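Each protein sequence line maps, in turn, to chains X and R. Following my numbering, the numbering of the first sequence begins with 167 at its first residue and continues without gaps. Following my numbering, the numbering of the second sequence begins with 167 at its first residue and continues without gaps.
Calculated from the structure, these hints are not laboratory results. Among the clues, some could well be false.
For chains that are exact copies, the list does not tell them apart, and a pair is met inside one copy or across any two.
[What the hints assert, rightly or not] Cut-off 16 Å, straight-line C-alpha distance, at most; resulting in silico cross-link-like pairs (EDC-like, lysine to aspartate or glutamate):
id, residue 1, residue 2
1, K208, E297
2, K201, E288
3, K316, E288
4, K350, E311
5, K300, E288
6, K190, D204
7, K300, D279
8, K308, E349
9, K208, E288
10, K189, D179
11, K308, E194
12, K201, E283
13, K300, E315
14, K350, D179
15, K316, E273
Just so we're clear, the structure is a prediction, and the values are computed from it rather than from any experiment.
Protein chains: 2
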Amino acid sequence: MTITAEQVKDLRDRTGAGMMECKKALAEAAGDVEKAIDLLRKAGLQKAEKRAGRAADQGLVEAYIHPGNRVGVLIEVNCETDFVARTPEFQELVRNLAMQVAALGAEYVSRSDVPAERVARERQVYAGQMEGQKKPPAIVEKIVEGKLEKFYGEVCLLDQPYMRDDTVKVGDLVNGVSGRTGEKMVVRRFVRFRLGQE
Amino acid sequence: MTITAEQVKDLRDRTGAGMMECKKALAEAAGDVEKAIDLLRKAGLQKAEKRAGRAADQGLVEAYIHPGNRVGVLIEVNCETDFVARTPEFQELVRNLAMQVAALGAEYVSRSDVPAERVARERQVYAGQMEGQKKPPAIVEKIVEGKLEKFYGEVCLLDQPYMRDDTVKVGDLVNGVSGRTGEKMVVRRFVRFRLGQE
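For reference, chain X alone in the conformation it holds in the complex (with noise of 0.2 Å):
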């Protein structure tokens, strides 16, 4: 069992603990992580089981409460620096999609975040709309890849048109604020709770 470098860390920088405790841990726990923090609390090695920041990610943190507080969200964007973070551009672009989510409702950043079961369902509905219509199957599966982009611009933040000017899509507006900054952005997660709902 050879320990890398990056395991060791990896650890250390989740653990707080010393290298060498790390490297010892990581062996004994054949190179399970989280076994080895198990084994570092053991130790008392470890005082809390806090992670540390990925000190790379910068950004804002922001929030939108619809009036009546009946529908709000958070939202983490991140971009490369806190210089960056502070702009009134970023920080523009930040209120503009949690609004966004407030007001539309997405349900993941990127199409890339829905669940594959989730899609698969949508095809087969879509599929058993057509049912009994004898379209050929190269039709009835075309008419699915449409429903389902529609789909995705319904339910995912980057693809939605944007409710301030629907010509563009969110994913657009994003990397025009990143190209004139010149810093990568990415929406990292948002959560929209509507009250008395899932």
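Following the hints, complete the assembly by docking chain R onto the known chain X.
Structure of chain R alone, referenced to chain X:
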């Protein structure tokens, strides 16, 4: 297969489809609600996959963003009537709960929300810390229980000491407002984002 009136009502609430359609779909799906929803959708009898809110739940969705926008919290607290939700006392309670989560970083609302596996893991770690100390099992168990209490007081919002008065628990604070207004109050859910962390 008997379909109850309650099942039909539930499906109607969730799909907006007619009573007879819902009954038929449920019978065809042998009582499986998710399957019945898919059948209704295939038949075009449900426009969108939206669920009706549970009308009984009143309250507020509120956010707190720590200055600097690196930590943010979104919270939902329920009460029984919109009248109470609009009172300054309830609004202040919700604001304070959001600030508490931002400042002290609870992970769960109450101890019943902590996954059993996590509790088991904590127990194991605590017991492991005393290995080789030849303590009687009953003493070990007592110490483990004590540490577990401390753990709940750190990760469960309602078990945490209230940040503005650590002689009371957050749960007591909620119960106090509940008692004075005569309405049941439930901290339904919250999320806490810290920039660049999981």
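Checked hints:
1. K208 with E297: Between. Shortest inter-copy distance 9 Å satisfies the 16 Å Cα cut-off; intra-copy 60 Å does not.
2. K201 with E288: between (39 Å within a copy, 13 Å between copies)
3. K316 with E288: Within one copy, since 11 Å is at most 16 Å while 46 Å is not.
4. K350 with E311: neither (30 Å within a copy, 48 Å between copies)
5. K300 with E288: The answer is neither: 20 Å in one copy and 60 Å across copies each exceed 16 Å.
6. K190 with D204: within (13 Å within a copy, 53 Å between copies)
7. K300 with D279: neither (34 Å within a copy, 51 Å between copies)
8. K308 with E349: neither (37 Å within a copy, 54 Å between copies)
9. K208 with E288: between (47 Å within a copy, 10 Å between copies)
10. K189 with D179: Cα proximity of K189 and D179: one copy only (13 Å, versus 57 Å across).
11. K308 with E194: neither (54 Å within a copy, 29 Å between copies)
12. K201 with E283: between (31 Å within a copy, 14 Å between copies)
13. K300 with E315: Answer is neither: 23 Å inside a copy and 65 Å across each miss the 16 Å cutoff.
14. K350 with D179: Neither: 24 Å inside a chain and 43 Å across chains, both beyond 16 Å.
15. K316 with E273: For K316 and E273, only the intra-copy Cα distance (14 Å) is at most 16 Å; the inter-copy one is 36 Å.
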